[in-house]
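Number of protein chains: 2
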Amino acid sequence: MNDSYAKLLERIIQIGRLQAVDALLEWDQDTYMPPKGIDARAEMCAQMAVMKHDLQAADAMGDLIASTAESGDPVRDTNIREARRNHARASRVPVDLVENISRVSSLARSAWATARKDDNFAAFAPHLTELLKLKRSQAEAIGFEGEAYDALMDEFEPGAVTADIVPLFRDLREQLVPLVSAIGEVSDRIDDSVLRRHYPANVQEQLCKRLGAAICFDFDAGRLDRTVHPFCMSMGPRDVRVTTRYDERFFSTAIFGMMHEVGHGLYEQGLDPAHQFTPMGTATSLGMHESQSRLWENMVGRSKPFWQFQYAGVQEMFPDALGNVPLETFWKAINKVSPSLIRVEADEVTYNLHIIMRFELERALISGALSVEDLPSAWAAKSKEFLGVTPPDDASGCLQDIHWSLGGFGYFPTYTLGNLYAAQLFEKANTDLDNLEAQFARGEIQPLREWLREHIHQHGMRFRAGELCERVTGKALSPAPFMRYLNGKYKPLYDLD
Amino acid sequence: MNDSYAKLLERIIQIGRLQAVDALLEWDQDTYMPPKGIDARAEMCAQMAVMKHDLQAADAMGDLIASTAESGDPVRDTNIREARRNHARASRVPVDLVENISRVSSLARSAWATARKDDNFAAFAPHLTELLKLKRSQAEAIGFEGEAYDALMDEFEPGAVTADIVPLFRDLREQLVPLVSAIGEVSDRIDDSVLRRHYPANVQEQLCKRLGAAICFDFDAGRLDRTVHPFCMSMGPRDVRVTTRYDERFFSTAIFGMMHEVGHGLYEQGLDPAHQFTPMGTATSLGMHESQSRLWENMVGRSKPFWQFQYAGVQEMFPDALGNVPLETFWKAINKVSPSLIRVEADEVTYNLHIIMRFELERALISGALSVEDLPSAWAAKSKEFLGVTPPDDASGCLQDIHWSLGGFGYFPTYTLGNLYAAQLFEKANTDLDNLEAQFARGEIQPLREWLREHIHQHGMRFRAGELCERVTGKALSPAPFMRYLNGKYKPLYDLD
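The listed protein sequences correspond, in order, to chains Z and D. Per the working numbering, the very first residue in the first sequence carries number 1; after that it's consecutive. Per the working numbering, the very first residue in the second sequence carries number 1; after that it's consecutive.
To be clear, the hints were calculated from the coordinates, so they are not data collected in a lab. A quick note: this is a predicted structure, and the numbers were derived from the prediction, not measured. Careful: at least some of the hints might be erroneous.
Derived, one-sided and incomplete: chain Z residues facing chain D with beta-carbon distance under 8 Å [what the hints assert, rightly or not]: (1) 17; (2) 37; (3) 276.
Derived DSS-like pairs: lysine-lysine, alpha-carbon spacing no greater than 27 Å straight-line [said to hold, decoys possible]: (4) Z/52 - D/52; (5) D/52 - Z/36; (6) D/52 - Z/7; (7) Z/336 - Z/491; (8) Z/491 - Z/384; (9) Z/475 - Z/428; (10) D/36 - Z/52.
For each residue, glycine too, the CB sits at the ideal point set by N, CA and C.
Full structure from sequences and hints, please.
This is the structure in structure tokens:
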């Protein structure tokens, strides 16, 4: 029995190492790979994906799982459970369907890029139609209890089901809308023009490294590089790479991009190295991952106490732009709210409305209730209803995000789950640690980082995200802490009520 | 029949892609990997090595090779031949021996680093003894016609045998010794102190990129980075990475390190992309590879005409150090000869003496004619005999090179083979292209690069190095062109005769 677990574990680790290799291939592709290397790189990545799939789907893997019993040991049982889940997901989907999805989404990705550039939804529509068909087949092959969408979302957020998310998001939306419109009426009370002065990229980069270290990112176990789109990629807790991008005419892009990615990075660095390459050494879901990035980006990075400690140093680095700008002006500027068309530019108040509308639209696309043909008008209507703005074209409407072109249906909800988890966890940390704000104002970040490591990071995939949240905070996930956070911050900021 | 070749080719390409993945893992380890990432990286590399070995040694591979006939098509036949060779080498060696060598050499590598630092040969000796035993077993398992050493050297220089190399090296040595001692008597005729002024690293880096491009390295299909030890690593002809190191107090380190590695890189970039990941798209041997690096480093990079075109620009970049230094002084300085203890610091006249003595010593170690215990005194004696210098300690004697600690017996001769190939090829190119020196003086490098691509690079592994040399130059490899090159350059340089 022990022997079969040892063999199973060996295979699990092999798969984990392949994933780490693949992560490096992708990191390198976006950072240092010379441009002509792309074709060979695509081949190398595809081979890693096939090898990983083959290992996961192998009959020998199924046999090992079947012959290895749970023992009550949480490490062992977590690893067995996840191996079973991965084997099931991999082996139920026919190989030709896997290959088809890979091929079609590869074409769809470039068709999407062109369609967005040309504002030509019609050119992307056939690709989307075909992808939806294939993803429905994939969902059928995997199986589900509620709706097909669940089988797809489960890839990103294990255990999450639409039946739970629908009421959660409805609740959230009902509470968000009044706040957004109240702020909308007085949005000119905050002026963020000081952020649009000249900020030299090399100085921004120095600041990113300084602030990354200040929020406890270990640069001996990680790096910060430049890419077109910021991301975090991990080869294990001791090799975590984050990236950001620099806009010399806007302060927030690089700094908050970095803090977001470092938030992801702290989760990865907080995983237990003893369980490296196994589920017990892997983050539990994308939603929980996003909670870490948003917590550091917004609850820490956009808080006043954090800047009370850091701002003088920032002024010294940018004397021309910020030398004469008071902390209060700076802090308000980095928290300006304005409903916009584009998700990735959205502030933390309106952001989740972008997500909820995408969640509703993609569910309808998967179920067939919404046809691809009707997507642009449905998008425009939702945008007007949720955000009060109507996109002038599809490029800034239903073509703005890459996710669907990659076949990533079910990914969007993890963003809002992340925001809600972040607020609920942060509220609890604030209680446990007794006045986090005062700590931030003294530059003390370590206690929060340790709290997150102890309560979230070190558990890997032992608990599903929802279960983990409930264990740590004593309550199921709800929008209440997030709304308390937003109201507590933005009502004073905008002099509301 | 065709079908079995298609299947075989697919497997060959899979192995090639794994090699490229492994190359990236190694490149990253030496360039950008955070220091704490090393343990995970070692595991990832080891797994890639095992997967590659398993694919090569698989019975299914043997069956495919056996059922695929040569057809007279050079591409197909080359790929089949090399697959057979790799399968034989991989499958003949028992897995536990492979693992043993890997484990023991991993330990030996760190024991060597410590022993060199502490100048403590006794601490390294047991590791070397065990490695020699294992490598002898490996040679026996692989099989050989002449001596065991041949089976090991064959890994690096396919087809090369001691019986051919011994007389070649003897010939070379007999001709080198008088030149080295003639120069030794007048070595103070060249003063290289101008190279030891201050050369800012960032300006050196700019110069490296400029000169790399000038000798036709394609930076859209490659990169230049900084590492402790310069190297070239390839993920295929469109993704070739070279590195160099910067010494602000010595001009030659970075520039000639770069030209050496770019020479390797041009070979890799010159391979046919249509045959990527297969033997037809792979360099034929380490000796031929070294010929390309030495040709660009020395025959181009240390030639006077090359600097006639480039030197004014270099003076502009380093006005303080070189502004008042005449070309002639600079050119003589970069060609100063002085017998030294350390191979990697040796000039091109004495370099091969370092190699020949290592070749003799490692052959004797493998055959058992020399015991590990007697190595330090044998080294000192050879050093005195070949170079006229006796190392004051083992750290600058038999502990100076890493190769043996990695189990790399049979690697050293490829360096000298490379120098000889370089001279023989360069002499032929000079005839074919009609006065290369005049071209260099006009900044025209492309014709030489095209000549090398046509005659050497594009053939991949179609011909063994010796055969390729003979096809291109009409003659078997001999020391004559190399000695003509040295005598033609250094006798005037040192006013000899």
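Hint validity - residue 276 of chain Z Cβ closer than 8 Å to any chain D Cβ: holds (6 Å)
Pairwise hint evaluation, residue 52 of chain Z against residue 36 of chain D, where the allowed Cα distance is 27 Å at most: holds (25 Å)
27 Å limit on alpha-carbon distance, applied to hinted pair residue 52 of chain D and residue 7 of chain Z: holds (20 Å)
Hint consistency between residue 475 of chain Z and residue 428 of chain Z [alpha-carbon to alpha-carbon, up to 27 Å]: holds (10 Å)
Restraint check for residue 52 of chain D with residue 36 of chain Z, where alpha carbons must lie at most 27 Å apart: Since the Cα atoms of residue 52 of chain D and residue 36 of chain Z sit roughly 25 Å apart, the hinted pair holds (cutoff 27 Å).
Per-residue hint verdict: residue 37 of chain Z, partner chain D, C-beta under 8 Å: holds (3 Å)
Per-residue hint verdict: residue 17 of chain Z, partner chain D, C-beta under 8 Å: holds (5 Å)
Pairwise hint evaluation, residue 52 of chain D against residue 52 of chain Z, where the allowed Cα distance is 27 Å at most: holds (15 Å)
Holds or violated: residue 336 of chain Z to residue 491 of chain Z, with C-alpha atoms at most 27 Å apart: holds (12 Å)
Residue 491 of chain Z paired with residue 384 of chain Z [C-alpha distance capped at 27 Å]: Given that 27 Å is the threshold and the Cα spacing comes to 24 Å, the pair holds.
Of the numbered hints stated above, none is contradicted by the structure.
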